[in-house]
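Numbering (the working numbering), first residue to last: -2 to 304.
No lab work stands behind these hints: they were computed from the structure. Glycine included, C-beta positions come from ideal geometry on N, C-alpha and C. One should not assume that every hint holds.
In silico EDC-like cross-links for lysine to aspartate or glutamate, where the CA-CA straight-line distance does not exceed 20 angstroms [to be verified]:
| # | residue 1 | residue 2 |
| --- | --- | --- |
| 1 | 198 | 95 |
| 2 | 166 | 186 |
| 3 | 166 | 119 |
Simulated restraints on C-beta separations [stated by the list, open to error]:
| # | residue 1 | residue 2 | range |
| --- | --- | --- | --- |
| 4 | 87 | 151 | 25 to 33 angstroms |
| 5 | 34 | 4 | 26 to 34 angstroms |
| 6 | 264 | 91 | 17 to 25 angstroms |
| 7 | 264 | 49 | 34 to 42 angstroms |
| 8 | 15 | 257 | 40 to 48 angstroms |
| 9 | 54 | 166 | 16 to 24 angstroms |
| 10 | 25 | 136 | 17 to 25 angstroms |
| 11 | 13 | 46 | 46 to 54 angstroms |
| 12 | 89 | 25 | 44 to 52 angstroms |
| 13 | 185 | 139 | 28 to 36 angstroms |
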Amino acid sequence: MLNEKMVSLGSRRSVIREIFEYGKKRKAEIGEENVFDFSLGNPSVPAPAAVTAALEHIIKETDPVRLHGYTSAQGDMAVRAKIAKSIEKRFGFPANKDLIYMTCGAAASLTVTLNALVNSGDEIIIPAPFFPEYRVFAENAGARVVTVMCREPDFQLDIKAIESAVNEKTKAIIINSPNNPTGAVFSPDTIKALSDMLVRKQAEYGTYIYIIADEPYRELSYGAEVPYIPKYYANTAVCYSYSKSLSLPGERIGYIFIPESANNSKKLYAAVCGAGRALGFVCAPSLMQYTVAECTDALPDISTYKK
């Protein structure tokens, strides 16, 4: 007998995918310039020039066997070292290359992190509205999803409502800022209030509660400060993707970063590595690892989006 849960998932597309496919159909019918596609978040701008330059340099100069070969499961050591230096430079926060795990994009980062954290019956809090696949990722890891509506009209986190949802089964809360779909950037005051509340709740229940910071849109902010959550809360796992910042969604490249300040950080990182292994992620694409390592501080031209 087949896994009926997977049959159900595979038999119906997400609404986002349905709209994406419809958008492709309409582009073919009436012209791409006449269709505004707000479905998958496919960037509307090309990758920065630094990406093209890096690709050309790497393909020309790198031994082809190494270029297309496996890296370590965690990712190439030199790549992780460059990303760690970039985190320290950009955010003024210490980063250990040995606690960075290269992934096949944000979806893989989230899936691996959830499987590293969740035991059957654990609860994951997700502020709503949210990216629909969060529920799929969390439930497939064995978690029960608890949704908490954000405040209106600014869509900031409702800290009191989140606190009411926290209990001894709470394992993590997924934070996505800038947010998909609302566009809200959670303010420093909001993140501090969330952090303070979670510290209290950890002490109350004698458990660890994690923030899973999903950050593919970090660079797509129009002046608002995007707080770097590990600076506010120790038990954070950062799930980053270069899909938006470098306009590389189809290349599937990102990383998970575990701060040394997290409780049992090395054990948590080992769980991340174990989850990646169990889920069949042999390694992130080697060519893309080498490419993003040369473009860690490249920024997208978001003027098109602002228009």
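Hints, one by one, checked against the model:
1. 198 - 95: Violated, at about 29 angstroms.
2. 166 - 186: violated, 26 angstroms
3. 166 - 119: holds, 5 angstroms
4. 87 - 151: 25 to 33 angstroms: holds, 26 angstroms
5. 34 - 4: 26 to 34 angstroms: Holds - the Cβ-Cβ distance for residue 34 and residue 4, about 29 angstroms, lies within 26 to 34 angstroms.
6. 264 - 91: 17 to 25 angstroms: With Cβ atoms ~19 angstroms apart, the hint holds.
7. 264 - 49: 34 to 42 angstroms: holds, 40 angstroms
8. 15 - 257: 40 to 48 angstroms: holds, 43 angstroms
9. 54 - 166: 16 to 24 angstroms: violated, 50 angstroms
10. 25 - 136: 17 to 25 angstroms: Since residue 25 and residue 136 have Cβ atoms about 35 angstroms apart, the given range 17 to 25 angstroms is violated.
11. 13 - 46: 46 to 54 angstroms: This hint is violated: roughly 30 angstroms between Cβ atoms.
12. 89 - 25: 44 to 52 angstroms: holds, 48 angstroms
13. 185 - 139: 28 to 36 angstroms: holds, 33 angstroms
The structure fails hints 1, 2, 9, 10 and 11 (numbered hints given earlier, in ascending order).
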